[in-house]
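Engineer: Here are the chains, one letter per residue:
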Amino acid sequence: KQEVTQIPAALSVPEGENLVLNCSFTDSAIYNLQWFRQDPGKGLTSLLLIQSSQREQTSGRLNASLDKSSGRSTLYIAASQPGDSATYLCAVKYNFNKFYFGSGTKLNVKP
Amino acid sequence: DVKVTQSSRYLVKRTGEKVFLECVQDMDHENMFWYRQDPGLGLRLIYFSYDVKMKEKGDIPEGYSVSREKKERFSLILESASTNQTSMYLCASSLDFFSGNTIYFGEGSWLTVV
Numbered sequence: 073k074q075e076v077t078q079i080p081a082a083l084s085v086p087e088g089e090n091l092v093l094n095c096s097f098t099d100s101a102i103y104n105l106q107w108f109r110q111d112p113g114k115g116l117t118s119l120l121l122i123q124s125s126q127r128e129q130t131s132g133r134l135n136a137s138l139d140k141s142s143g144r145s146t147l148y149i150a151a152s153q154p155g156d157s158a159t160y161l162c163a164v165k166y167n168f169n170k171f172y173f174g175s176g177t178k179l180n181v182k183p
Numbered sequence: 018d019v020k021v022t023q024s025s026r027y028l029v030k031r032t033g034e035k036v037f038l039e040c041v042q043d044m045d046h047e048n049m050f051w052y053r054q055d056p057g058l059g060l061r062l063i064y065f066s067y068d069v070k071m072k073e074k075g076d077i078p079e080g081y082s083v084s085r086e087k088k089e090r091f092s093l094i095l096e097s098a099s100t101n102q103t104s105m106y107l108c109a110s111s112l113d114f115f116s117g118n119t120i121y122f123g124e125g126s127w128l129t130v131v
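Chains W and Y, in that order, are what the protein sequence lines are.
Residues 73 to 183 in my numbering are what the first sequence spells out, letter by letter.
Residues 18 to 131 in my numbering are what the second sequence spells out, letter by letter.
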């Protein structure tokens with residue numbers, strides 16, 4: 073059974089700090105990996121999508137990397153802001169459109 | 018702009034009631050999904066559909082059924098609601114199976130069964 077793990081479950085940092093969120097998956101035969109943001113009581117918003125053939129994707133202050141062989145992805149957030157406070161989830165897509173989600177990392181950026 | 022709309026944001030239902038959760042997408046996507054999200058358990062797939070009238074069980078289909086009569090609409094049905102079905106329900110859609118497209122989510126429906 074595919075498993076997706078996110079560590080840490082929660083993270084609190086001061087504003088301006090650079091930070092890294094981690095995602096690991098047990099089966100490396102992935103189609104793609106996606107990072108999402110979820111605000112309290114809301115749905116998920118897609119941040120970055122990395123295809124299996126790619127190593128990284130960037131959007132503004134966000135950079136996501138993918139290492140399939142080790143079963144890991146990281147989401148790097150530069151110069152964090154209080155507005156970045158949210159839960160960040162990674163999702164791995166395998167064949168036939170099955171997406172497996174991690175439990176998320178709850179980020180708190182303190183002003 | 019892509020949009021997945023869940024008609025009910027907050028519902029309170031009694032044990033044994035039949036509950037309908039509706040989801041509509043305006044992107045002409047082939048695939049639609051229903052997940053539930055619980056603290057500590059993450060998102061778990063209940064059912065998905067890859068075409069009109071087609072459906073596949075996810076990881077936790079027990080106690081649920083689905084209906085997809087039109088491409089844009091995917092309904093989740095709780096045949097006889099129970100308290101352990103109290104949860105946040107998320108609908109999602111994506112373009113097709115074989116591309117690397119993004120999956121889009123609705124805002125979620127909070128269901129409380131009393």
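It should be emphasised that the hints constitute simulated quantities derived from the structure, not laboratory data.
C-beta atoms are modelled at their ideal positions from N, C-alpha and C, and glycine is treated no differently.
Wrong hints could be hidden among the right ones.
[As the list claims (entries may be wrong)] Computed list of lysine-lysine pairs in DSSO-like fashion (alpha-carbon distance at most 27 Å, straight line):
# : chain 1 : residue 1 : chain 2 : residue 2
1 : W       : 114       : Y       : 35
2 : W       : 182       : Y       : 35
3 : Y       : 87        : Y       : 72
[Claimed, not checked] Not the full set, but computed from the structure, chain Y residues with beta-carbon under 8 Å of chain W:
#  : residue
4  : 57
5  : 59
6  : 80
7  : 89
8  : 112
9  : 119
10 : 120
11 : 122
12 : 123
13 : 130
[To be verified] Some chain Y residues well away from chain W (every beta-carbon gap over 10 Å; in silico):
#  : residue
14 : 100
15 : 102
16 : 127
17 : 129
Engineer: Residue 123(Y) was flagged as interface toward chain W. Is the shortest Cβ-Cβ separation under 8 Å?
Structural biologist: Hint holds; residue 123(Y) Cβ to chain W Cβ min 5 Å, cut 8 Å.
Engineer: Would the non-interface assignment of residue 100(Y) survive a Cβ cutoff of 10 Å against chain W?
Structural biologist: Check passes; 21 Å lies beyond 10 Å.
Engineer: Take the shortest C-beta to C-beta distance between residue 57(Y) and chain W; is it under 8 Å?
Structural biologist: holds (7 Å)
Engineer: In terms of Cβ atoms, is chain W entirely out of 10 Å range of residue 102(Y)?
Structural biologist: Correct as stated: the minimum Cβ-Cβ distance to chain W is 18 Å, above 10 Å.
Engineer: Over 10 Å to the closest beta carbon of chain W is the bar; see if residue 127(Y) clears it.
Structural biologist: Violated, because the least Cβ-Cβ distance between residue 127(Y) and chain W comes to about 7 Å, which does not exceed 10 Å.
Engineer: With a cut-off of 8 Å on the beta carbons, see whether residue 89(Y) makes it to chain W.
Structural biologist: Constraint on residue 89(Y) not satisfied, violated at 17 Å.
Engineer: Do the numbers back the hint for residue 80(Y), that is, is its least Cβ distance to chain W under 8 Å?
Structural biologist: violated (21 Å)
Engineer: Go through the hint on residue 119(Y) and say holds or violated, using the shortest Cβ distance to chain W against 8 Å.
Structural biologist: This hint holds: residue 119(Y) lies near chain W, its Cβ roughly 5 Å from the closest one there, short of 8 Å.
Engineer: Would the hint linking residue 182(W) and residue 35(Y) be met if the CA-CA limit is 27 Å?
Structural biologist: Roughly 44 Å between the alpha carbons, so the hint for residue 182(W) and residue 35(Y) is violated.
Engineer: So if I understand the rule, the pair passes when the alpha-carbon distance is 27 Å or less; does residue 87(Y) with residue 72(Y) pass?
Structural biologist: Measuring from Cα to Cα gives roughly 13 Å; hence the hint holds.
Engineer: Residue 122(Y) was flagged as interface toward chain W. Is the shortest Cβ-Cβ separation under 8 Å?
Structural biologist: Where the cut-off is 8 Å and the nearest Cβ of chain W is about 4 Å from residue 122(Y), the hint holds.
Engineer: Please check whether residue 112(Y) passes as an interface residue: C-beta within 8 Å of a C-beta belonging to chain W.
Structural biologist: Where the cut-off is 8 Å and the nearest Cβ of chain W is about 10 Å from residue 112(Y), the hint is violated.
Violation of the numbered hints given earlier is confined to hints 2, 6, 7, 8, 13 and 16; the remaining hints are satisfied by the structure.
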